[in-house]
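So the chains spell out like this:
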Amino acid sequence: MPGYGEDPEWSDIVPLPQDDGGPNPLAAIAYSDEYSEAMSYLRAVMAKNEFSERVLRLTEDIIDMNPAHYTVWLYRAKALFTLHKDLRKEFDWLNPFALRHLKNYQIWHHRHTIIEALASDLDEKSPKIDNMIREEQDFLDRMFTKDAKNYHVWSYRQWLVERFNLWDCEEEREAVDDLLRKDVRNNSAWNHRYYVVFGRPNAPKNTTEGHVLMQREINYAEAAIRIAPQNQSPWNYIRGILSHFQQPLSNIKSLASEFASLEKPDEVKSSHALDLLAEIYKEERQLDCAGKAWDLLAQKYDPIRSRYWMWKKEQLGTAAA
Amino acid sequence: MSLVAGPGRGGHHQPALPDELELCVEKHVAYIKSLDTRKDEYEYWLTEHLRLNGLYWGLTALHLLGHPDALPRSEVIDFVMSCMHDNGGFSAAPGHDPHMLYTCSAVQILATLDAFGDLEAHVNGGKEKVARYIANLQDRDTGTFNGDGWGEKDTRFLFNALLALSLLGMMHLVDVQKGVEYVQSCANFDGGYGTGPGAESHAGQIYTCVGVLSITKRLDLVDKEKLGAWLSDRQLPNGGLNGRPEKKEDVCYSWWVGSSLAMIDRLHWIDQEKLSKFILQCQDSELGGFADRPGDMVDVFHTVFGLAGLSLMKHPGVREVDPIYCMPKDIINRVVGG
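Residue numbers (our numbering), protein chains in the order written: chain C, 13 to 333; chain V, 339 to 676.
Do not rely on the hints blindly, as some may be mistaken.
These stretches of chain V come out as covered by chain C in the derived footprint (C-beta under 8 Å, 3 or more residues) [stated by the list, open to error]:
1. 431–437
2. 538–549
3. 566–572
4. 579–589
5. 608–621
The list that follows gives simulated cross-link-like pairs (lysine-lysine, BS3-like), each with its CA atoms no further than 25 Å apart [claimed, not checked]:
6. C:325 to V:612
7. V:585 to C:158
8. V:586 to C:281
9. C:281 to C:325
10. C:294 to C:312
11. C:115 to V:585
12. V:612 to C:312
13. V:564 to C:312
14. V:586 to C:161
15. C:325 to V:555
16. C:158 to V:586
17. C:304 to V:564
18. C:281 to V:585
19. V:586 to C:115
20. C:115 to V:491
21. C:281 to V:491
22. C:161 to V:491
23. V:585 to C:312
24. V:585 to C:194
25. V:585 to C:161
26. C:325 to V:564
27. C:161 to V:564
28. V:615 to C:312
29. C:161 to C:194
30. C:194 to V:586
31. V:491 to C:90
32. V:564 to C:217
33. V:564 to C:294
34. V:562 to C:294
35. C:265 to V:564
36. C:312 to V:586
37. C:265 to C:304
38. C:304 to V:562
Just so you know, these hints were derived from the structure itself, not from any lab.
No residue lacks a Cβ here, since even glycine has one placed at the ideal position from N, Cα and C.
Based on the sequences and whatever the hints tell you, model everything.
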């Protein structure tokens, strides 16, 4: 492809070279020739506030070379709005780009801006909104096939749930189920499930109905624990649920005992279960047993944190007093 | 300051690792000083959007290594000032847009160099101008801060804002109470914090949230046992720390996790000897610099956070770091008081 300097479409523009802070600067910026030229044309069009088709192509070119350049993204969004472009078409370019650049978060900020703009033009009840959300969910599922723990993508998904009130949308829990079937240790997916079930504005309360839900979620986590007892995510999930409903840990004593028992100190299958058991013993005022469990963790099952376990054991003295 | 990776690899020049690894101070100093001589490399311009962050990382690393004058002071200040905009914000490099992240780095650099006077000399009323740029990014309804005029929110920006404003002595310009409440709303069921309410706990975000509560003297709001348990659970058998459950270890989490534990006075809950050893295994003992983990390419980001991690654990040869500001402790004492 010829450079911008030889392209007749750009002949009216005088490129602006980089000013990097005076002569002989400490952090002078050097460029590859191609990037350097494109940037000098961008500076020139920005200086005269030009928003045009060729500016859109220029921003695509630069973003392609350096997707982390946040200024270019902002200018592109401005251009799209100023030119009243059909914003749905933006995804034809953005989606394959996002699938190629997994670590970049400007993409997600840009997407957020575009979706927000599209939604603000539509009635909240319009079927077009539902279609747009469905397409977003499908695309996010595709992103997760590349990196199922991508923080930017999960943050975006949470924004989508909150913005479009998707708390009861089946697709959200299905997406999580699907990811946990592939990798039961995906903490991001566990977090999303918690967000959808308990992070909602009308979070379940301590009622009969709430308790049905509590049991459903505990059962869900229990099934995951049976697949991988040493996976801390479902254990944390259950603790979070019990604390949400202000229930004692002893509710799950039998579950913890299945994976850790003081009678069989050599057959502990999960350090998380052992810690939970210790706390249940503490709740039940069986302080000796609690201390023994934490000793086991300090000495055998999680020695790298022995000082933490010993601290917990010391607290028993305070509890006894 | 270039963020170009390499040339060295962490642990690469130690085929048989000795039991007692030493910190190669002079090599790291030489490595950081060399970064700006590499402008002809392809990667250099790819990291332009981080340039001011990079300068802060390099400068802080040199201070922690006891070589505070290794970069020419006046050139550093000139470059920082060339990134300042009329609205009081700083961009990553000249010609980029101003943003909270770089404004925070600029203030940290100027504070480290005792250069607020230079800021005033360049721009009359400069300190207040910078502070007002930051203050204007606060959403007065929620207490959060935008990163720039475009409305992206993240607990990082809230931390950046309060950190910079406290260095400038201008916290009174913002609604601190609202900011504290927002951080509280980001506390998760597992004891950690994320980028916003309900977002997955992440060690980097925990650092920023606990940092906000430290600066505002509201650590009483933290469930220290639960958070300390989650944070100490980040240590893996090889001594290194990860940032989320079931993720790989990385030297930078020595800082995010370590500083958070230090702020809530629980650093002793991890095995510091093993962590120090892991960090030292990530250094290139011949060409200088630290990598994310042994065998990978070194860079200045992992170099400063590896050193800062060692500093938290009082490793010999490293100056004391402040666990909130990630700047030398004596400088924080000078700027904000002990």
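Hints, one by one, checked against the model:
1. Residues of the region 431–437 of chain V with a Cβ under 8 Å from some Cβ of chain C number 6, which satisfies the need for three, so the listed coverage holds.
2. Chain C is given as covering the region 538–549 of chain V, and this holds because 3 residues of the stretch bring a CB closer than 8 Å to a CB of that chain, at least three being needed.
3. Counting residues of the region 566–572 of chain V whose beta carbon lies closer than 8 Å to any beta carbon of chain C gives 4, which meets the minimum of three for the stated coverage.
4. Remark: the region 579–589 of chain V is confirmed as covered by chain C, as 4 of its residues place a Cβ nearer than 8 Å to a Cβ of that chain, reaching the required three.
5. By the rule of at least three residues with a Cβ nearer than 8 Å to a Cβ of chain C, the coverage given for the region 608–621 of chain V holds, with 3 such residues.
6. Proximity of residue 325 of chain C to residue 612 of chain V is assessed by CA-CA distance (about 23 Å); at most 25 Å being required, the pair is judged to hold.
7. Taking the CA atoms of residue 585 of chain V and residue 158 of chain C, the gap is near 16 Å; set against the 25 Å cutoff, the hint holds.
8. A threshold of 25 Å between alpha carbons decides the hint, and for residue 586 of chain V with residue 281 of chain C the separation of about 22 Å falls inside it, so the pair holds.
9. Straight-line distance between C-alpha atoms of residue 281 of chain C and residue 325 of chain C comes to about 21 Å, which keeps the hinted pair within the 25 Å bound.
10. At roughly 20 Å between alpha-carbon atoms, residue 294 of chain C and residue 312 of chain C fall within 25 Å of each other, so this suggested pair holds.
11. A distance of roughly 15 Å separates the Cα atoms of residue 115 of chain C and residue 585 of chain V; the hinted pair therefore holds under the 25 Å criterion.
12. For the proposed pair residue 612 of chain V and residue 312 of chain C, the alpha carbon gap of about 17 Å is at most 25 Å, so the pair holds.
13. With a CA separation close to 22 Å, the supplied pair residue 564 of chain V and residue 312 of chain C stays within the 25 Å bound.
14. Under the criterion of a C-alpha separation no larger than 25 Å, the hint pairing residue 586 of chain V with residue 161 of chain C is consistent with the structure, at around 12 Å.
15. Distance restraint check for residue 325 of chain C and residue 555 of chain V: the Cα-Cα separation of roughly 29 Å exceeds the 25 Å cut-off, and the hinted pair is therefore not satisfied.
16. Restraint check: the Cα-Cα separation between residue 158 of chain C and residue 586 of chain V comes to about 17 Å, which is no more than 25 Å; the hinted pair holds.
17. Using a Cα cut-off of 25 Å, the hinted pair residue 304 of chain C and residue 564 of chain V holds, with the two alpha carbons roughly 21 Å apart.
18. Taking the CA atoms of residue 281 of chain C and residue 585 of chain V, the gap is near 21 Å; set against the 25 Å cutoff, the hint holds.
19. For a cut-off of 25 Å, the pair hint linking residue 586 of chain V to residue 115 of chain C stands: about 16 Å separates their Cα positions.
20. Between residue 115 of chain C and residue 491 of chain V the CA atoms are separated by roughly 18 Å; this keeps the pair inside 25 Å, and the hint holds.
21. Of the supplied pair hints, the one linking residue 281 of chain C and residue 491 of chain V is violated, its CA atoms being roughly 41 Å apart against a limit of 25 Å.
22. Distance hint between residue 161 of chain C and residue 491 of chain V is fulfilled; the C-alpha atoms sit about 20 Å from each other, no more than 25 Å.
23. At roughly 23 Å between alpha-carbon atoms, residue 585 of chain V and residue 312 of chain C fall within 25 Å of each other, so this suggested pair holds.
24. Restraint check: the Cα-Cα separation between residue 585 of chain V and residue 194 of chain C comes to about 16 Å, which is no more than 25 Å; the hinted pair holds.
25. Between residue 585 of chain V and residue 161 of chain C the alpha-carbon distance is near 9 Å, which keeps this suggested pair within the 25 Å criterion.
26. Proximity of residue 325 of chain C to residue 564 of chain V is assessed by CA-CA distance (about 15 Å); at most 25 Å being required, the pair is judged to hold.
27. Of the pairs offered as hints, the one joining residue 161 of chain C and residue 564 of chain V holds, with about 23 Å between alpha carbons and a cut-off of 25 Å not exceeded.
28. Between the alpha carbons of residue 615 of chain V and residue 312 of chain C the distance comes to roughly 22 Å, so the proposed pair stays at or under 25 Å and holds.
29. At roughly 12 Å between alpha-carbon atoms, residue 161 of chain C and residue 194 of chain C fall within 25 Å of each other, so this suggested pair holds.
30. Only pairs whose Cα atoms come within 25 Å are accepted, and residue 194 of chain C paired with residue 586 of chain V is accepted, the gap being roughly 19 Å.
31. A distance of roughly 19 Å separates the Cα atoms of residue 491 of chain V and residue 90 of chain C; the hinted pair therefore holds under the 25 Å criterion.
32. Among the hinted pairs, residue 564 of chain V with residue 217 of chain C is consistent with the structure: their alpha-carbon atoms are about 23 Å apart, no more than 25 Å.
33. A distance of roughly 16 Å separates the Cα atoms of residue 564 of chain V and residue 294 of chain C; the hinted pair therefore holds under the 25 Å criterion.
34. With a C-alpha separation of about 19 Å, the suggested pairing of residue 562 of chain V with residue 294 of chain C holds against the 25 Å cut-off.
35. Straight-line distance between C-alpha atoms of residue 265 of chain C and residue 564 of chain V comes to about 20 Å, which keeps the hinted pair within the 25 Å bound.
36. Our distance criterion of 25 Å between C-alpha atoms is met by residue 312 of chain C and residue 586 of chain V, whose separation comes to about 23 Å.
37. Restraint check: the Cα-Cα separation between residue 265 of chain C and residue 304 of chain C comes to about 16 Å, which is no more than 25 Å; the hinted pair holds.
38. A hinted pair counts as satisfied when its Cα atoms are at most 25 Å apart, and residue 304 of chain C with residue 562 of chain V qualifies at roughly 24 Å.
The structure does not agree with the numbered hints 15, 21 stated previously, though it agrees with the rest.
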